[in-house]
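Residue numbers (this note's numbering), protein chains in the order written: chain A, 13 to 423; chain B, 119 to 233.
Certain hints may be false.
[As the list claims (entries may be wrong)] Pairs of lysine-lysine residues, derived as DSS-like cross-links and limited to a Cα-Cα distance of at most 25 angstroms, are as follows:
| id | chain 1 | residue 1 | chain 2 | residue 2 |
| --- | --- | --- | --- | --- |
| 1 | A | K324 | A | K75 |
| 2 | A | K89 | B | K184 |
| 3 | B | K184 | B | K229 |
| 4 | A | K89 | A | K228 |
| 5 | A | K75 | A | K323 |
| 6 | A | K146 | B | K229 |
| 7 | A | K324 | A | K146 |
| 8 | A | K394 | A | K75 |
| 9 | A | K323 | B | K225 |
| 10 | A | K323 | B | K184 |
| 11 | A | K146 | A | K228 |
| 12 | A | K323 | A | K146 |
| 13 | A | K75 | A | K228 |
| 14 | A | K191 | A | K75 |
| 15 | B | K229 | A | K324 |
| 16 | A | K324 | B | K221 |
| 17 | A | K323 | A | K191 |
| 18 | A | K324 | B | K225 |
| 19 | A | K75 | A | K89 |
| 20 | B | K221 | A | K323 |
[As the list claims (entries may be wrong)] Where chain A lies over chain B, by a calculated footprint (3+ residues, C-beta under 8 angstroms):
| id | segment |
| --- | --- |
| 21 | 169 to 175 |
| 22 | 187 to 200 |
| 23 | 226 to 232 |
If you are wondering where the hints come from, they were derived from the structure by calculation, not from laboratory data. Note that the structure is a prediction, hence the values are computed from the model and not measured. All C-beta atoms in this analysis are idealised placements derived from N, C-alpha and C, irrespective of residue type, glycine included.
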Amino acid sequence: MNPLELTLGIMTAVGGFVDISELVFAAKAGSTFGYALIWVFAFSTVGIIVFSEMSGRVAAIAKQPVFNLMRHRLGLKLGLVTLLASIISNLVTCAAEIGGVSLIMNYLTGAPYLVMAVVLTLLIILSIWVLPFKWIERIYGLLGLFMIVFAAALVGIHPPWAKIAAGFVPQVPHGLSTKELMTFGYFCVAIVSAVLFPYEVYFYSSGGIEEEWGPKDLLTNRITSILGMGLGSLLAISILANSAQLFGPANISPEIPGSAALEAAIPFGKWGLILALLGMLFAVAGAAVETCMANAYSIAQFFGWKWGRHKKPWDAPRFTVTWIALFVAALLVVLTGINVMTLVELAILFSILVLPLTYLPLLLLAGDRQYMREHVNGRLAKGLGWVYFAVITVAALSAIPLYLLTSGGNG
Amino acid sequence: MKPDGPMKLVADLLDLPLIDSEGCYCGIVDDVEFSGSKELKLKALLVGAGAYSGRMPRWLYRILTKVAGDRVTRVPMNRIRSIASAVTLDCPGSELGLQRSEKTAAKWIPKWGAM
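Go ahead and model the full structure; you've got the sequences and the hints to work with.
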């Protein structure tokens, strides 16, 4: 295990953890329910750690990415349903990320939002074309670390640490009306969906194959999953806690992604704001790359095409055409003028519906001794895996009713 | 599992990815072809959307083949080196006609600029 590689891997995971949905829902959750939803972030983070570690282990041992094995496990028909659902979910999520990144550039430069969407999509496509896989991951992930300014801002505003610590204990706030309870339920579902986005495991496991992981990389996989996701989650929790401290008491509801950046401006002024916006810009752009590539990986793996950014673009032509076409499709969605917040809500909704279909085959594969030999799921991974599968299934079943009953969490 | 060994279920083989002798993915086992009447033996693997016909409703098959074409490529069993979490071939996929769509797509891709 190379310590430098490991550190860079962890830092990349931290910087790449937060995406537009987490930004939006962390800020809204804090302003609406104070610290009461911190435990949902913590609980979901353990879930994404469990499934990321599992998908990395499957990649390292079975030497096949999740979507290849998923089709073999689920069969052609159910596999196609899963593929179609994940394409729609990832496409909407990618459009939300492109919309988010364009909005952030609009805040930074004042340039028109839709023009920024076109320019930034082209720049992202160019960066994927030109840069090797590791650089793509690292540039977006490491520059996303500017978001540490949110954690520093939290320390800077001297929050009530005891209340934040109490937020880690599972709870439902007292005295909520039925409508507020449903809104709380919707926020729980949305946070589970935002943290456990399916694209994350597709991208992570495909990355493991790209980097030719083997049994010797299992420890690196475990440490990167636990520390990278765990520390990344602390950034999201910092955004929530800042919002609870600054926006909640003033009855401010952060309705646009840029509101979160103000959390850093209050203690640190102009430079806090700029650092927060830059961190958000790279973290959200990185998420756009991940969602689009995860989509292209899924399609290529499902149909057995050559794939991967470890190859030159012209060495995996169908894969290359696919990811470029998916970026263009996501851009076209943004160019319809649809509101970014609507896209974020749709991304959350579509993703939670796909989650059970994503994680069930992964659980089955990681528990299959034929593929995994002595690295098959142990009791802890198996137990946690099934608990989280039950939770995401309940969340998926309740997502649409809660969305409709609460008007997307707006009460 | 060996290519000429007994197999409990064809399902062991269906939907596995194919990797050629150069380590490139070159399709998925979409169906299988048998020979013999009393004792069935696997004769070939079938690759391509055209091989989906017996595996999905007719209306879905029609839509899929409209999008992906109805070509089927046969991979004789004697070209298979091993079967595990993927089926490994003993020759380049292009020798068996498995890379035609990749070559078509390659015409659209400029060959410059990537590090």
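Give me the numbers of the hints this structure contradicts, sorted from smallest to largest. Hints 3, 4, 10, 14, 17 and 22 not satisfied by this model.
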